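**Q** Here are the chains, one letter per residue:
There are 2 protein chains.
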Amino acid sequence: MATNITFHASALTREERSTQLNQRGLTIWLTGLSASGKSTLAVELEHQLLRDRGVHAYRLDGDNVRFGLNKDLGFSEADRTENIRRIAEVAKLFADSGSIAITSFISPYRADRDQARALHEVPTPGESTGLPFVEVYVDVPVEVAEQRDPKGLYKKAREGVIKEFTGISAPYEAPANAEIHIKNHELPVMDAVKQIIEYLDKNGFLPAKKQ
Amino acid sequence: MATNITFHASALTREERSTQLNQRGLTIWLTGLSASGKSTLAVELEHQLLRDRGVHAYRLDGDNVRFGLNKDLGFSEADRTENIRRIAEVAKLFADSGSIAITSFISPYRADRDQARALHEVPTPGESTGLPFVEVYVDVPVEVAEQRDPKGLYKKAREGVIKEFTGISAPYEAPANAEIHIKNHELPVMDAVKQIIEYLDKNGFLPAKKQ
Chain A
13 MATNITFHAS
23 ALTREERSTQ
33 LNQRGLTIWL
43 TGLSASGKST
53 LAVELEHQLL
63 RDRGVHAYRL
73 DGDNVRFGLN
83 KDLGFSEADR
93 TENIRRIAEV
103 AKLFADSGSI
113 AITSFISPYR
123 ADRDQARALH
133 EVPTPGESTG
143 LPFVEVYVDV
153 PVEVAEQRDP
163 KGLYKKAREG
173 VIKEFTGISA
183 PYEAPANAEI
193 HIKNHELPVM
203 DAVKQIIEYL
213 DKNGFLPAKK
223 Q
Chain B
13 MATNITFHAS
23 ALTREERSTQ
33 LNQRGLTIWL
43 TGLSASGKST
53 LAVELEHQLL
63 RDRGVHAYRL
73 DGDNVRFGLN
83 KDLGFSEADR
93 TENIRRIAEV
103 AKLFADSGSI
113 AITSFISPYR
123 ADRDQARALH
133 EVPTPGESTG
143 LPFVEVYVDV
153 PVEVAEQRDP
163 KGLYKKAREG
173 VIKEFTGISA
183 PYEAPANAEI
193 HIKNHELPVM
203 DAVKQIIEYL
213 DKNGFLPAKK
223 Q
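Each protein sequence line maps, in turn, to chains A and B. Be aware that the first sequence starts at 13, since it is given in the working numbering, and climbs by one per residue. Be aware that the second sequence starts at 13, since it is given in the working numbering, and climbs by one per residue.
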């Protein structure tokens, strides 16, 4: 039957998909204190990727994950780890789809971030290659974050209303080997985004700039 | 500062995103018995959407979900419901990102599918609109599916090795109001895919065909 000529019995490979979409999938994992500026950075980065490069990019953040996929999770240690595990799995699906996943979560524990990285970089059975994982340390001193405190969370943490608050009463384990280290209190957001875009360009992760 | 001129404090709306990508996000939810042909259909549908329409489409199926995001879940009733809940949440994220999510799971219970639909169609606080949800009933008589039985699962179910197997020892609740009903034992796969693409075109869900 003529209509069967173009039938593909097997799924698209990641490479065929990338070629069709003119885009490589990857995950950009932002980590940093509350009020360090992760969300602002993520929003502007997503904008520029879509507008200037025409690539498919998507932010995963508290708003669309904590109240959706992870709404069954609380803040116990086990639940925090499961929270990050699921986010990493979903980011990986986006990256596998050929999209750029931008995750914006405090993700204070090195072990959790390393697990997210391994999930991307180490091919699982049936996969020929891993996926790029770009860890971005959005670094501001805790004093700066506490002074900003747009949601009044640091204040509540100091008052003991919020327990185990990262940077105050719970640790933030700073990345030792992040691909990108942004000193976010010293830069305007556009320069911080530029730092990320330059890294992506240098590593061949983006198509050429639209004319 | 000049670099601040193009800074966007607020996130892209779904509409801005759709305009940038020249694509509307939605979820195509395939449901049907084991061996009804869901995966074959999903693979070919994804191919055609990428190749002929240049749209970003991605399959969620047992391979990339059951062994990843949902690997902590078993087959108890609660776990099956949670399995479908998470798949629906992830599909929604893809649809929200402007992608076409194609889910390929038996999803035998009407209540679970209706919940997946509501999750898409009913805007949650902060969302201005819902997302399209296209339920596709991949319909083959259980006798046909059992005769195909490519993985020998029906045989094991008959022998009692697999308990609570959909269509044999557990119910399949056929959709009453699916957007698309495919009598998949009567059609070559290309015609089944055509039926879906025509529906999507008729409803304005796809950009024009590439020349």
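Be aware that a few hints might be false.
It does not matter which identical chain is used: a pair holds within one copy or between any two.
[Unchecked claim] SDA-like mimics (lysine to any residue), calculated; alpha carbons at most 25 Å apart, straight line: (1) K168 to E56; (2) K83 to Y121; (3) K83 to R97; (4) K221 to E27; (5) K195 to P144; (6) K221 to N34; (7) K221 to R160; (8) K175 to K206; (9) K221 to Y121; (10) K221 to G74; (11) K168 to H193; (12) K206 to R92; (13) K83 to E94; (14) K206 to L24; (15) K167 to F79.
Since the hints were made in silico from the structure, they are not lab data. A quick note: this is a predicted structure, and the numbers were derived from the prediction, not measured.
**Q** Determine for every hint whether it applies to the structure shown.
**A** Here is what the structure says about each hint:
| no. | hint | in the structure |
| --- | --- | --- |
| 1 | K168 to E56 | neither (29 Å within a copy, 53 Å between copies) |
| 2 | K83 to Y121 | both (21 Å within a copy, 22 Å between copies) |
| 3 | K83 to R97 | both (14 Å within a copy, 11 Å between copies) |
| 4 | K221 to E27 | both (21 Å within a copy, 23 Å between copies) |
| 5 | K195 to P144 | within (23 Å within a copy, 41 Å between copies) |
| 6 | K221 to N34 | both (12 Å within a copy, 18 Å between copies) |
| 7 | K221 to R160 | neither (35 Å within a copy, 50 Å between copies) |
| 8 | K175 to K206 | neither (36 Å within a copy, 56 Å between copies) |
| 9 | K221 to Y121 | neither (35 Å within a copy, 47 Å between copies) |
| 10 | K221 to G74 | neither (30 Å within a copy, 37 Å between copies) |
| 11 | K168 to H193 | neither (29 Å within a copy, 54 Å between copies) |
| 12 | K206 to R92 | neither (31 Å within a copy, 44 Å between copies) |
| 13 | K83 to E94 | both (12 Å within a copy, 12 Å between copies) |
| 14 | K206 to L24 | between (33 Å within a copy, 19 Å between copies) |
| 15 | K167 to F79 | within (24 Å within a copy, 41 Å between copies) |
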